[in-house]
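Dock chain B against the given chain A, drawing on the hints supplied.
Sequences listed follow chains A and B, in order.
Counting the first sequence from 1 gives a position; my numbering is that position plus 338.
Counting the second sequence from 1 gives a position; my numbering is that position plus 1372.
Hints in this document: simulated from the structure, not taken from any laboratory.
All values reported here derive from a predicted model rather than from experimental measurement.
Within a straight-line C-alpha distance of at most 25 Å, the following computed BS3-like cross-link-like pairs (lysine-lysine) qualify:
1. A:K463 to B:K1562
2. B:K1562 to A:K369
3. B:K1558 to A:K450
4. B:K1562 to A:K451
5. B:K1558 to A:K451
6. B:K1562 to A:K450
These are the residues of each chain, in order.
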Amino acid sequence: MNVFIPQVQSETFRPEAGLPRLRLPNAKLRKPEPITADLSSLKGYEMLAQRLPKKASLAFDWGEVSIDGSSVTINPNTPGEYAIPIPMCKAGQADILVLQITVNPDPTALMKKEIDPPADAPYQKPSSDKCCYATDQGGHIVCASRRGQGHAIDGSFRDDDFKVETIPEKGFYLFAVADGAGSAIYSRRGSKLATEAAIENLKKSINDSNLDDDADGISAEGAIGPALVAAAKSGFMAIQDEVARKNSNQTELGKAVSVNDYNTTLLLAAVKVNADGGLGIGAFAIGDGAIVWCSDSRSVLLSEPDGGDYAGETYFLTMERLWKTEASDPVAFRKSRVRIFNCDKEDSRHGTLMLMTDGVSDPFFPSHERLRDHSLWREFLNTQIRENAKILRSSPPSPELATQLLEWINFRERGHFDDRTLALFELPDSNKQGEGAHSETPSLNSANAESISEKGDAQ
Amino acid sequence: MSERRLPVYLLLDVSGSMDGEPIQAVNNGVNQLIADLRADPRALDTAWLSVITFGDEARQVVPLTDLEDFQMPELTADGCTALGPALSLLCECRKREELRGTTEHSGDWRPLVFLMTDGEQNEGDFEKGIADFKSMKWGNYALCAAGPQAEVSDLKRINPEKVFKLDNLGPGALSKYFKWVTQSIKMQSKKIEEGTAQDGDGQGGLDALPPLPDVATPVDSSSIPDDI
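Okay, chain A solo, but in the shape it has when bound (with noise of 0.2 Å):
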């Protein structure tokens, strides 16, 4: 049997105190869907049974309300705090009962806001940044840097930055990815100054020196490792130097500042293409975020994850304590912060490197034991960057591939608005033209996973 109802807005609706009023479980409009609720398992609903219509529908502009029997259902589409009258019947008297319900919003709806940083705030930065490049070897290079959301709703800048560098007649690849600290004022220079500097630095190191005359490809007691060591200390020096322009000048920026105004990490990586096509890497961290070599087979983390679990604390490339303990044992900061890594030319075509800040990698690796865990690593490329990105290793260097990159890493997770920076590289499989390595068969076991472990296998 319908009853009919009157429609009742619940904007101009006051419950009038001392009318039955019951409390349903809050909606979400995260996850929209109905909210549904027994009302008989509410507190005096027994009072209420046999007022209440049996069958009712009822329409708001806030959302849509029915009643059948005991059991009344909710489909909101407007936050907001509601009062549903119900009107119930006894004995000729009228009275209303009034079904209370709070409405969350989406956060995700909430993040949607995309304000412009201010114009005349000095270091202005694109709120994203992107590029694909080609490898000799028809392989391909592609990055993506964006604005976290929470940036975004708040109107300031991006922190994170990337620089790529290829240099084609020595076989060599470098890349450097940065994230400016949330704390710091003008973190986002001193991310943009230190994969400048570090690129250029190394660059340099590359070409005057026979780095690449080593045809048995990079070697942990090669030039590579101080020369990734001396390339992200000229970021650092990057950052003094700007420091001590600005403070001489002080008009430029109203106010005295210091290397902490431009905090940043520093993930940097040089790949070598071998002339027998195998692959040589040398990697250095300061600061969280990853560098990993990840195939079907095994990921090996070329990045030790700095600071603790809890604290929250990370490293800087700009904390002077850090090149202090450089000057005073070199060896030593080398072995801690430089890792080599190299394989032949069949798992060259198998693997791919990936830099990524943390804003990229926390959402998917929550914790240090995460970040050595092959099989998540593993699904990470296959569901992330193969399926979602639409990036497979035979897809060919083009603008759209970093386009898609761009927009996937604008990805949705609960608690993660931060910005993000990914560079990944990867050679084609010449054995495979034209599939993606997705279709690879999994070859994962316990063995392999050890891999990821074992430092020795990255040093």
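Just chain B, lined up with the frame of chain A:
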């Protein structure tokens, strides 16, 4: 994928002296706090709330609950001020409710605690409460002595640097207090998102929290005799 919770414990005095306008202002204040936090996407993603009241006894009236599911019951005021037992109960609840970090998951962020009292400890074991509270590390906390009758020296025994006084128990002052608590929670969820939340935030004074409202005055710890 991962998600780390930010637990927030509100410790509210519901002793007899809060009866009438003050407890109504507290009810309104907490409801406004919830409504404001719900409009903040960062808080919606991270904040979990619990309410512990203390009158004749300490009671957890709302267990640690996702902000989205949180429903505030109407508080009424009556009885003594079981401040010590409230601190002990807080620690018990935290131990029970906290998700610890494992090799596979990051644990919760350290909790924020906002304690408000209008009187003096006069029920239950205060020494145990202080000892329990001090035995744990907190993300941050603030101790509010609200109104003229509030005993500042009780709160200072917990930590003098975290104590401030609220001028009065009127709706205006309490509303400003709860707005400040709201700002503090939003600030912490922003820090978490930016990766700038630090273990050390809970150390030191009230500096890591937003500026106090104009109706509040920090208690100068240096001018108070040492109570050890």
